[in-house]
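Chains as they are written, first to last, in the numbering used here: chain L, 54 to 396; chain W, 907 to 2029.
Hints listed in this document are in silico derivations from the structure and should not be mistaken for laboratory results. What you are looking at is a predicted structure, and each value in this text was computed from that prediction instead of being measured. Hints may be right or wrong, so weigh each one.
To be verified - Heads up, simulated BS3-like pairs for lysine-lysine below, C-alpha to C-alpha not over 27 Å straight-line:
(1) W:K1432 / W:K1121
(2) W:K1042 / W:K955
(3) W:K1965 / W:K1228
(4) W:K1130 / W:K1048
(5) L:K306 / W:K1228
(6) W:K1021 / L:K269
(7) W:K1228 / L:K269
(8) W:K1891 / L:K110
(9) W:K1046 / W:K1203
(10) W:K1437 / L:K306
(11) W:K1091 / W:K955
(12) L:K269 / W:K1231
(13) W:K1228 / L:K275
(14) W:K1011 / W:K1048
(15) W:K1432 / W:K1091
(16) W:K1891 / L:K346
(17) W:K1233 / L:K269
(18) W:K1091 / W:K1591
(19) W:K945 / W:K1121
(20) W:K1542 / W:K1435
(21) W:K1360 / W:K1240
(22) L:K129 / L:K346
(23) L:K129 / L:K238
(24) W:K1048 / W:K1156
(25) W:K1181 / W:K1240
(26) W:K1640 / W:K1722
(27) W:K1021 / W:K955
(28) W:K1965 / W:K1240
(29) L:K306 / W:K1719
(30) W:K1091 / W:K1121
(31) L:K230 / L:K269
(32) W:K1468 / W:K1542
(33) L:K358 / W:K1891
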Amino acid sequence: MKAGPSRTNRPDNTAFTQQRLPAWQPILSAGIVIPGFTLIGLAFIGVGVALFVTSQKITDLEIDYTGVAATSPCFKCTSFAAENCMCQMEFTLTTLFEGPVFFYYGLTSYYQNFRTYGVSKDGYQLSGDTYYFNNPQDSCAPYQYDSNNNPIVPCGSIANSMFSDTFQLYQVVNGMKKQVPLDGKGIAWWTDYNIKYSNPALVNGSFANAFSGTVKPVNWSKPVYELDPTDQANNGFLNQNFLVWMRQAALPKFQKLYGRIAEGDYAQGLPAGNYTLLINYSYPVISFGGTKKVVLSNVSWMGGKNQFLGIAYLVIGSLCIVMAMVMLIIYAKYKFTDDDEDM
Amino acid sequence: MLRRRLNRLFGGDEKRVDSRTIYVGNRPCPATETFIPPKFCDNRIVSSKYTIWNFLPKNLFEQFRRIANFYFLIIFLVQVIVDTPTSPVTSGLPLFFVITVTAIKQGYEDWLRHKADSEVNKYPVRVLEDGQPARKDSEKIKVGDIVEVVEDETFPCDLILLQSSRDDDTCFVTTASLDGESNHKTHYTVPDMEKDLQSLSATIECEQPQPDLYKFVGRMHIYKPEHDPAVRSLGPENLLLKGATLKNTKKIYGVAVYTGMETKMALNYQGKSQKRSAVEKSINAFLLVYLCILISKAVVCTTLKYVWQSQDGQDEPWYNQKTEKEKGTILYVKMFTDFLSFMVLFNFIIPVSMYVTVEMQKFLGSFFITWDRDFFDPEIEEGALVNTSDLNEELGQVEYVFTDKTGTLTQNNMEFIECCIDGFQYTAFSSELDSFCVTDGPVSTFQEKAGREKEELFLRALCLCHTVQVKEAGPDELGGDQVDGPASEPLRPAEQRGFIASSPDEVALVKGAMRYGFTFLGLESKTMKIKNWQNDVEEYELLHVLNFDPVRRRMSVIVRSKSGDTLLFCKGADSSIFPRVRPEEVERIRMHVQRSATEGYRTLCVAYKRLSVDEYAAADAGLREARLALQDREEKLMAVYNQVETAMSLIGATAVEDRLQEEAAQTMEALQGAGMKVWVLTGDKMETAKSTCYACRLFRRSTELLELTVRTLESGGRRREEMLHDLLFDFHRKAVQDAPPARAGVNRSWSSANPEYGFIVDGAALALVMNPSPDTNCSRYRSLFLQICQNCTAVLCCRMAPLQKAQIVKMVKNSKGSPITLSIGDGANDVSMILEAHVGIGVKGKEGRQAVRNSDYAIPKLKHLRKLLLAHGHLYYIRIAHLVQYFFYKNLCFILPQFLYQFFCGCSQQPLYDAAYLTMYNICFTSMPILAYSLLEQQIAIEVLLDNATLYRDIAKNAMLRWGPFLYWTVLAVFQGLIFFFGVKYLFSNPALQDNGQVFGNWSYGTIVFTVLVFTVTLKLALDTRHWTWINHFVIWGSLAFYVVFSFFWGGIIWPFLKQQRLYFVFFNMLSSVSAWLVIILLIVLSLLPDILLGVLRKPRGPHTQQIAVVTPLSYKHLREHY
């Protein structure tokens, strides 16, 4: 590490080598900080008010249908024997539920963020690479091959545990049930639907043939190519409910979008009245102490209802103002003593 | 290397034998029947550490001995073996990078050492083979070889002088590069040596190699065919040391006795141990804390995981079945692997990149020292040199400065300054006006002047009373001669006359007389010739020289002039002259002497005496008799000297200046002002050293000197040990017990009410303290001694052997509080102390490059030390301290959310951040701003640092890396980490964050936290930056921009090599959510609030508030201007 200059060379006289680069030397003085804090405080309070008001305007309705309590209509479905169990929950809206209304299902104590769970999928498979249909990746274990050593498509725990309850919403109008259409499109990320996931090419004109030699996930009642037989664009890996499920939730208490109510009579929202939620109950959560719920909510520019952000902004904003004032007081006091010392 | 080790291991027999037998010329001797050539080590000097073959294993071994590297290796291995959340590449790649870079650097440095070694080892020497000198490489010299050395060559190994080209069987050497004494020493050939070395048949028996330069005991047996073997005793005067230089002697022959690593020089040269800075120790301590945090985190998580899993249905929920392999694993093994996985997950808390950044900072930062133009010396056309960059910050932490005197404090260049004749003062002449006094007579500052006779007498005394030899030097030799200090007079090409003397003062005096018009022409067969003002040559017969010795502190000559008068001229220290002259003369001169002494000049008084015939006869007889005495010769001589040197009359006094280095006094004052204690360690005489200390303002008039030297030890007439005991306790009472407790931060100049003590100790006394006779309490003396030293404002240690210097440094280094020591020196005699001290500084002086080569930093002049310490050291310390704290901080708040996330993911080791973010965080996103900061930051401008030495005290004792600041940073990191995690968590209580109702997943969560994190830590650094050059702007804003661009890029493409496109469009979606934006802004502001607040409220404190108020960033000054 001979860093020395050569014998005859005097070190370069540049600003950099002599550590004399021109420099801006900001001073974080009270003169900047007090007005700065005041401004930040005011801005935060403004934002906080906007957020708070917006969040207040959002209505949401949660319906827990786990059926733990014996009185719950879904209690009958919690036993293991129940197959194809249907239950229905009733609810009443007293005012118009402004649209567009978003239909979420929510789970608690459900750890989609388990590490072993999170890695248990095959990205290549899901992008339609048929080589991986027959050779799923090891990360899919224990849902890589079934007991007969047939490859599972889509493999892995995430796909296998796809949320299987289905919902139908009816408005009770004059004693008649009128179905509220749930639009299952546009609930997944655009990029997931259009780029990240794709279906395999048709084989001999048949979508199902593309999956020949593979078996459906163990827990599934139907293979992936029959997820939505009515709409090929929503079938297979591109089924939006599937895509929504595949995006793991961050926390054990989460909700996922199931559908939107934005069509027909209900484009403006759900009018006041009685409603019936018909649930095809098949997804077990009691074993691990979880709950299931349905959330109806409308959204604003800030997303779903969340009081936290607004309150936080208000608190921090006021804090800044208070601190600015405290500093001003300290400064005023300090200036006095400082002057005494100086003069 | 190996051989040496083996020798040490198996060579017990060699050690056990107290002496070694050397066959001169490696020829068998008649006395021994069978000639077995004894095995000694060869003359190779090995300072390199590696060879080509052992480089890789040895280097790797040494690198992994470093706790950090070993830790990363373990993490890497765990990742390879155990199924862990992150891939082995994330830690393997950085580790590989670090190891490789370090290996290359160390390999290069060792290659340089190899080169330097071979330069020494391949130096051509002439070895006598069959009577003819044969050229050989220096490393080929064997013990017993007869080596020829010519003038101005250094001795290649330790030699016993057999033959000299001089008539009187002597040779002159200078040991400047060994002990710093640049005068010429006389060494003698073995008595009654035969001229024909070829036929010489002899053996030498001498002691085993030992490091003391001044000790040597041996015997030489000379065998002659028809005589009994003759035995000659050998002493240090026969031994020529490796590293010394032959002077004023054409050629000598000597037989090698110690070679290679066994020479006294090599034994005095301590192995270069790896120096570690205090900062590194702090890092290691912090590392330990973080390691504890890491392990406890992993333990907590593992425990929680199993507690949680013991609940019903949580161990293996139906949606997350275990694999067969997992099911088959034993519980405890599972727990252990889980623990390891957590360790791996959290291991980023101790980032490998910190070591890279610290190394880079040190390496690049050291360039600013070499680039500094203030360190450039136009004389030698060189700037500063950085040999190791590991110690940059240590320069800001120095508490003790150990400085060599000769060549470091002084220029080792005596100059005649002024004289006083008969009470009248004659001021100095500048060298430009050197010939003015010849006809006009000396100019006097006073109007009147001494009588002409007195002047002439005084100048004659100067010309005669010395032991100087004249050397006629050719012009080409002039330059080379300068190396030894005195010698020639470059301004007088007409008289290319070199003077050689055992003391540079004498030369200065003779030259001074020459300037006044009395020229000493030389000594020829007992006749001294001088040229007087009239350009006549006066001749004096030299009858006797009464040699100088440190006890008498004077020397005399007895000469007989042409006219037959017998004169005695005497010069010496005032204290030894004044009692021996007529008292009425003293007062006139005393004033001048004292005044000169206060100026820091070395003063000598000159006296003379006219001896009557009877007196001379008596003196002559006495001297002759004493010289021939076999017993107590010294004492007898002393008695005669004392008898002769009485009743003299004082003529005048001289003042000679050992020119201090430029700005030596200012530098010393600045160092002391900065709170450093300056000790002078020199091999030189006490008087000389003392006057230098006065000149450098280390000792002042008011300083009370405590002297623990051979002189004071022997003055009481009692045993040395008793005296030592008394003196030590006496001094201890004075300096330690009676002194008021020293308050930190009090400058010595402000505390002048307290008596100041200066402590003087010499080598012999030190040896008594360090290694007292067994019956005394060794450690007690040592601690007393140390306490005395530490309570004195300045300490002077004279007559030190190189190893003793190192001993002193070591003693201070290991004392309580382990203060940071710095040694500065220029000669080979300083090497051991340079190596011993925490920081070794070499001055690129006249005495060779040895010190420079072994130093950590080399500067051309002493004065550069001031900027090196006060400016560079200060800045480097602030920079690296901030760097270290910041690194720990940013990694704690990086990993804390990851840890907290474990509570919400069933402790399943789910990483919060994507692998790319985990890897890139320390390498790309947050590394450059702190590197730029740690290279460019100047919280206080360099000029201010130089002007206010006291600022150095602010960072003393590792102020920025103590537990207080560390706790502050840690708390800050924890605070911010909590905010990052929980802020986003509350946001995610409803994961529908977009206006289209779509929900965000876990990678969005992590990305939001990570974005807040990157922005916060970068802006935190921006807040701390007080010196924004364009580079800072570039890297800080550039890093943030790079993060954004990278995230777009990383999330914008389906990467074919990735199994899972976790981050695909996560960043885009995050940015499309207003809530995400708002939460990011909120959390960043909230995280930075406390820091801003603290910064503003922190009032500038300390006694120098006023001085640095302008530069203290967080002052209220601007507020006042504002309103």
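Verification of the supplied hints:
Only pairs whose Cα atoms come within 27 Å are accepted, and K1432 (chain W) paired with K1121 (chain W) is rejected, the gap being roughly 33 Å. In summary, the hint linking K1042 (chain W) to K955 (chain W) is supported, as the alpha carbons are separated by about 25 Å, within the 27 Å threshold. A C-alpha spacing of about 21 Å is found between K1965 (chain W) and K1228 (chain W), which places the hinted pair at or below 27 Å, so the restraint holds. Using a Cα cut-off of 27 Å, the hinted pair K1130 (chain W) and K1048 (chain W) holds, with the two alpha carbons roughly 24 Å apart.
The straight-line distance between the Cα atoms of K306 (chain L) and K1228 (chain W) is roughly 22 Å, inside the 27 Å bound, and the hint therefore holds. The suggested pairing of K1021 (chain W) with K269 (chain L) is violated, with an alpha-carbon distance near 72 Å, which exceeds 27 Å. Our distance criterion of 27 Å between C-alpha atoms is met by K1228 (chain W) and K269 (chain L), whose separation comes to about 19 Å. The straight-line distance between the Cα atoms of K1891 (chain W) and K110 (chain L) is roughly 22 Å, inside the 27 Å bound, and the hint therefore holds.
Distance hint between K1046 (chain W) and K1203 (chain W) is unfulfilled; the C-alpha atoms sit about 62 Å from each other, more than 27 Å. With a CA separation close to 110 Å, the supplied pair K1437 (chain W) and K306 (chain L) exceeds the 27 Å bound. A distance of roughly 36 Å separates the Cα atoms of K1091 (chain W) and K955 (chain W); the hinted pair therefore is violated under the 27 Å criterion. Distance restraint check for K269 (chain L) and K1231 (chain W): the Cα-Cα separation of roughly 23 Å lies within the 27 Å cut-off, and the hinted pair is therefore satisfied.
Restraint check: the Cα-Cα separation between K1228 (chain W) and K275 (chain L) comes to about 24 Å, which is no more than 27 Å; the hinted pair holds. The suggested pairing of K1011 (chain W) with K1048 (chain W) is violated, with an alpha-carbon distance near 35 Å, which exceeds 27 Å. For the hint pairing K1432 (chain W) with K1091 (chain W), the CA-to-CA distance comes to about 21 Å; that is within 27 Å, so the pair holds. Between K1891 (chain W) and K346 (chain L) the CA atoms are separated by roughly 20 Å; this keeps the pair inside 27 Å, and the hint holds.
At roughly 24 Å between alpha-carbon atoms, K1233 (chain W) and K269 (chain L) fall within 27 Å of each other, so this suggested pair holds. Of the supplied pair hints, the one linking K1091 (chain W) and K1591 (chain W) holds, its CA atoms being roughly 15 Å apart against a limit of 27 Å. In summary, the hint linking K945 (chain W) to K1121 (chain W) is supported, as the alpha carbons are separated by about 23 Å, within the 27 Å threshold. Between K1542 (chain W) and K1435 (chain W), the direct Cα distance comes to roughly 31 Å. Violation of the 27 Å bound is thereby established for this hinted pair.
The straight-line distance between the Cα atoms of K1360 (chain W) and K1240 (chain W) is roughly 103 Å, outside the 27 Å bound, and the hint therefore fails. Straight-line distance between C-alpha atoms of K129 (chain L) and K346 (chain L) comes to about 16 Å, which keeps the hinted pair within the 27 Å bound. About 31 Å separates the Cα atoms of K129 (chain L) and K238 (chain L), which puts this hinted pair outside 27 Å; it is violated. For the hint pairing K1048 (chain W) with K1156 (chain W), the CA-to-CA distance comes to about 24 Å; that is within 27 Å, so the pair holds.
For the hint linking K1181 (chain W) to K1240 (chain W), the alpha-carbon distance of about 43 Å lies beyond 27 Å, and the restraint is violated. The hinted pair formed by K1640 (chain W) and K1722 (chain W) meets the criterion: a straight-line CA distance of about 21 Å does not exceed 27 Å. In summary, the hint linking K1021 (chain W) to K955 (chain W) is supported, as the alpha carbons are separated by about 12 Å, within the 27 Å threshold. Between K1965 (chain W) and K1240 (chain W), the direct Cα distance comes to roughly 26 Å. Compliance with the 27 Å bound is thereby established for this hinted pair.
Only pairs whose Cα atoms come within 27 Å are accepted, and K306 (chain L) paired with K1719 (chain W) is rejected, the gap being roughly 60 Å. Taken as a hint, the K1091 (chain W) and K1121 (chain W) pair is honoured in the structure, with Cα atoms around 15 Å apart against an allowance of 27 Å. For the given pair, K230 (chain L) sits about 35 Å from K269 (chain L) by alpha-carbon distance, which is inconsistent with the 27 Å threshold. For the suggested pair K1468 (chain W) and K1542 (chain W), the alpha carbons sit about 31 Å apart, so the restraint of at most 27 Å is broken.
A C-alpha spacing of about 15 Å is found between K358 (chain L) and K1891 (chain W), which places the hinted pair at or below 27 Å, so the restraint holds.
Violated hints for the displayed structure, listed by number in ascending order: 1, 6, 9, 10, 11, 14, 20, 21, 23, 25, 29, 31, 32.
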